[in-house]
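So the protein sequences, as listed, match chains A and B. For the first sequence, the tail end lands on 257 under my numbering, and the numbers increase by one without skipping. For the second sequence, the tail end lands on 585 under my numbering, and the numbers increase by one without skipping.
If you are wondering where the hints come from, they were derived from the structure by calculation, not from laboratory data. Nothing here was measured: the structure is a model prediction, and the numbers come from that model. Glycine included, C-beta positions come from ideal geometry on N, C-alpha and C. Check before you lean on any hint, since a few could be wrong.
What the hints assert, rightly or not - Below, simulated BS3-like cross-link-like pairs (lysine-lysine); rule was C-alpha separation at most 30 Å, straight line:
1. 558(B) to 229(A)
2. 178(A) to 543(B)
3. 517(B) to 550(B)
4. 423(B) to 517(B)
5. 229(A) to 449(B)
6. 388(B) to 233(A)
7. 233(A) to 423(B)
8. 543(B) to 255(A)
9. 150(A) to 178(A)
10. 150(A) to 449(B)
11. 255(A) to 481(B)
12. 550(B) to 580(B)
13. 423(B) to 48(A)
14. 219(A) to 255(A)
15. 219(A) to 150(A)
16. 388(B) to 229(A)
17. 275(B) to 255(A)
18. 275(B) to 550(B)
What the hints assert, rightly or not - On the chain A side, residues computed to face chain B include the following (Cβ under 7 Å):
19. 122
20. 123
21. 254
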Amino acid sequence: MKIGVCLKLVPATTADIRVAPEGQALQLSGVETILSAYDEYALEAALKVRDAVPGSTIHAITAGPDEAAKCLVQAFSVGADTGLHIKGVFDGHAASKVIAAALKDIGPDIVFCGRQAIDDDGWLVPGAVAEILDLPHVTAASSLTLGDDKNSFECRRRFEGGEQVIALQLPAVISCDKGLNEPRAATLKGRLDAKKKQPVVKTAGDLGLSEAELMPILKVMRFSPPPQKTPGKVITSPAAEAAAELVRVLRDEAKII
Amino acid sequence: MGATVLVIAEHVEGAPKKTAYELLTVARSLASARGGQVHALTLGPGALTAAGELGAWGAESIYTVEEGFENYATLALVRACVGAAQVAEAGLILFSAGSLARDVAGRVATRLGGALASDCVELSTETAALKLTRPVYAGRVRVAAEYTAEAPLVATLRPNAFSIEKAAVPSAGTALILQIPPEPSDLRSVVKEVARPSSTRPELTEASIIVSGGRSLGSADHFKLIYDLADALGAAPGASRAAVDAGYAPYSMQVGQTGKTVNPVLYIAVGISGAIQHLAGMRTSKYIVAINKDANAPIFKLADYGIVGDLTEVLPALTEEFKRVLKS
Chain A
1 MKIGVCLKLV
11 PATTADIRVA
21 PEGQALQLSG
31 VETILSAYDE
41 YALEAALKVR
51 DAVPGSTIHA
61 ITAGPDEAAK
71 CLVQAFSVGA
81 DTGLHIKGVF
91 DGHAASKVIA
101 AALKDIGPDI
111 VFCGRQAIDD
121 DGWLVPGAVA
131 EILDLPHVTA
141 ASSLTLGDDK
151 NSFECRRRFE
161 GGEQVIALQL
171 PAVISCDKGL
181 NEPRAATLKG
191 RLDAKKKQPV
201 VKTAGDLGLS
211 EAELMPILKV
221 MRFSPPPQKT
231 PGKVITSPAA
241 EAAAELVRVL
251 RDEAKII
Chain B
258 MGATVLVIAE
268 HVEGAPKKTA
278 YELLTVARSL
288 ASARGGQVHA
298 LTLGPGALTA
308 AGELGAWGAE
318 SIYTVEEGFE
328 NYATLALVRA
338 CVGAAQVAEA
348 GLILFSAGSL
358 ARDVAGRVAT
368 RLGGALASDC
378 VELSTETAAL
388 KLTRPVYAGR
398 VRVAAEYTAE
408 APLVATLRPN
418 AFSIEKAAVP
428 SAGTALILQI
438 PPEPSDLRSV
448 VKEVARPSST
458 RPELTEASII
468 VSGGRSLGSA
478 DHFKLIYDLA
488 DALGAAPGAS
498 RAAVDAGYAP
508 YSMQVGQTGK
518 TVNPVLYIAV
528 GISGAIQHLA
538 GMRTSKYIVA
548 INKDANAPIF
558 KLADYGIVGD
568 LTEVLPALTE
578 EFKRVLKS
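Next up, chain A with everything else stripped away, as it sits in the complex:
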């Protein structure tokens, strides 16, 4: 099987993200970067399928500026067969187009993505890529079982009030939720082998997409820090009194109960 996996390099969860003066940009230079948390599950899902179907190959793809290639090194270190870096600056809509174009050339049987990137939290790319390629998709799979025919998956997905069991025919796109698997760590050998592999670098133009097609139509106007809160009221009296006081302020001051 040909397995595609879409990866994104993002600022670390704990990184201090500052808004530049005037709010026109974010100050991201020098910020520590990681593979987006849910993409770890996508990468592991790809490895598991390859383990189960001998002869399969894993094709990792990322779209972003120079530094983005770092997440392909991580993919190589756990055993991705090829890596493609689509170089450029893309919003989620443009990224979906370039990734779909690249996947079309690869012709995968299955594509894994994280359910959302933890920087933009856009929830767009997996469904948009599937739409462009006319493939079915499953969003935020929490468990996966490859069918005996190797041409289908049984997926589980949580929703408000329960869990769905979904029958999915391949080829398809699956976005991965936390808990889908236990991502493996790279071995020392894996890390050394990764140094011998080079990603293929392409531009949007190489993939047949024009600048006009990739222009953002949802225009970013301004960044701002979240609304700041003033320190609240802290109650330190014994439990029973503190409880009574809290209930009183929630009722009388906040008026929410």
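Knowing the structure of chain A, use the given hints to seat chain B on it.
Chain B in isolation, oriented as in the chain A frame:
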């Protein structure tokens, strides 16, 4: 861009969800500013019953698609939403930012040649531009964006971020049954089974009150104190990642960056220190209460009210006090 606002109104067995009313309330003010109408779409078994409720909320045309939607199939739902958007000539399509939107909104936007804006917390219209604000970087930054393109914008709105109000003048709410049956190719991904745990507690992502426990609870048994308080308040119980990783609570209860994003009116954080990953999932809550024995816990910086104390004493006292007050 069309002036009509199409609301994808979700319902549970024919009863519209509260989030549907949030969308309709926003849609009314946007449609009136844009000189358009509010249309709504209800889907699946019970769609027609749900449609009957929406006129009072200002929906002028209510499309229903019931037949062929007994089983959830992503592509069939996309087809129905796109079909309704085309009939309505909608310039803006609103979803609540829940699991339906996560699954279909991006695809609907792509098929219509428009854009998707997820988790909006503000949405307004001004001289032909749609203006919106959404949290990014796990709530550490907000981004304001504008949309002026001809193709429709699909926006998902964070639950509880918008107030609800019935229409001053109810609409007659014409219900139009649309025939948009699934194509065979839509059934390449189809739900064949649904497991619903028999819980009477509200859904975490839609709850107006949440009581969450952290690692300081110390054991799964101690989480009973969280459930007791939540039940006294009619609240949803939640948990921090540390508590989930320690096995005290299931992942379905996890609030935070790698769990659920919640936006209740009242969030009670018990024994939660306030790691950035947790704050990512709940910082937009209207009121935050922190209960922690460590007065220096970072959660207190975000809290409107705090109690410094032993949670095994504070929680039962609080549960009793709420019961007493809510009964009177």
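How the hints compare with the structure:
no., hint, result
1, 558(B) to 229(A), "holds (8 Å)"
2, 178(A) to 543(B), "holds (27 Å)"
3, 517(B) to 550(B), "holds (25 Å)"
4, 423(B) to 517(B), "holds (29 Å)"
5, 229(A) to 449(B), "violated (46 Å)"
6, 388(B) to 233(A), "violated (35 Å)"
7, 233(A) to 423(B), "violated (35 Å)"
8, 543(B) to 255(A), "holds (12 Å)"
9, 150(A) to 178(A), "holds (24 Å)"
10, 150(A) to 449(B), "holds (19 Å)"
11, 255(A) to 481(B), "holds (27 Å)"
12, 550(B) to 580(B), "holds (24 Å)"
13, 423(B) to 48(A), "violated (51 Å)"
14, 219(A) to 255(A), "violated (38 Å)"
15, 219(A) to 150(A), "violated (42 Å)"
16, 388(B) to 229(A), "holds (24 Å)"
17, 275(B) to 255(A), "holds (20 Å)"
18, 275(B) to 550(B), "violated (36 Å)"
19, 122, "holds (6 Å)"
20, 123, "holds (5 Å)"
21, 254, "holds (5 Å)"
In summary, the structure is inconsistent with hints 5, 6, 7, 13, 14, 15 and 18 from the numbered list given earlier, while agreeing with the others.
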